[in-house]
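Trainee: Sequence:
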Amino acid sequence: MGKGFNNYMCKKFFHPGSRDNLKRVWMAQQKTEADKKKQEELKAQYEKEQDLYVNKSLVSKESKEKLSVNFLYEPPPGMKKEREKEDGEPEFKFEWQRKFNAPREDYCRDNDDIRDQPFGIAVRNVRCIKCHKWGHINTDRECSLFNKDRDSEEALTGPIDPSQKLLYEMREDGLAMTRRALNTLEQMAIPMQKPAEPSPEEEMAFLKTMSTKDKKKLLKKLERLEDKSKDKNKGKKKKKEKREKKEKKSRKRHDSSSSESEQDRKKQHHRRDQSSRH
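Using this note's numbering, count along the sequence shown one by one with no gaps and you end on 279.
None of these hints come from the bench; they were simulated from the model.
Lysine-lysine pairs mimicking PhoX-like chemistry, simulated, CA-CA at most 25 Å apart:
1) Lys24 to Lys38
2) Lys268 to Lys253
3) Lys246 to Lys235
Start from the sequences, fold in the hints, and give me the full structure.
Mentor: Shown next as structure tokens:
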């Protein structure tokens with residue numbers, strides 16, 4: 002069976018049961034209700050003003066003069082008036098700490114996990130990669146290092162010890178390193194710290210403080226070091242000479258073998274010529 006005549010006619014633009022016509026009727030009803038409400042508010046305001054005018058006419062001259070200047074002490078129309086304190090209400094430092102008993106959903110009532118956000122700041126359980134602070138990520142504008150190069154700032158402030166940086170980040174996370182790991186970090190940091198070369202003035206001052214025995218010992222050590230360096234240089238020279246001799250011998254052998262091969266080729270060529278003549 003079909004849907005019926007009513008369903009067919011409801012789709013026509015001129016039918017009162019169509020969607021567009023129903024929407025227009027609803028919009029007109031809402032408009033009339035809003036106008037009616039506005040008129041009622043204006044009427045109430047007018048009645049209030051008339052009551053004030055009648056009351057002013059009944060009071061004495063002194064009170065009339067006071068009422069004429071009363072507008073100076075009243076707050077402007079856009080400003081909120083001071084709220085009167087209720088009986089037994091505790092003192093609040095900020096306005097947002099007050100609970101005005103606003104209606105809430107059932108799942109929000111008596112739930113400690115749900116926290117109010119009075120300043121509209123979203124509390125997120127995330128951590129920034131750049132500044133290592135909680136509540137935002139590195140792409141948020143709240144970050145102090147947003148659109149800034151982290152390496153350039155470190156270069157300006159100076160080189161940061163990686164072991165100290167790691168310890169600081171671990172402390173922020175609530176972690177700690179074992180003694181064995183700390184010892185390994187210290188051992189790795191020792192070769193990285195190269196000792197600065199002493200100046201000639203410092204060396205001279207150090208030599209003046211030394212005794213004659215210490216100076217003799219130093220001279221002996223220096224002589225030994227020089228002898229060792231000379232022996233090393235001699236050994237290097239000998240190795241170079243040996244290599245050069247080996248290279249010369251290999252070249253001679255190569256030249257002799259190449260000359261012999263050329264002679265053999267000539268002999269073979271001569272034999273072929275003789276055989277072709279016969």
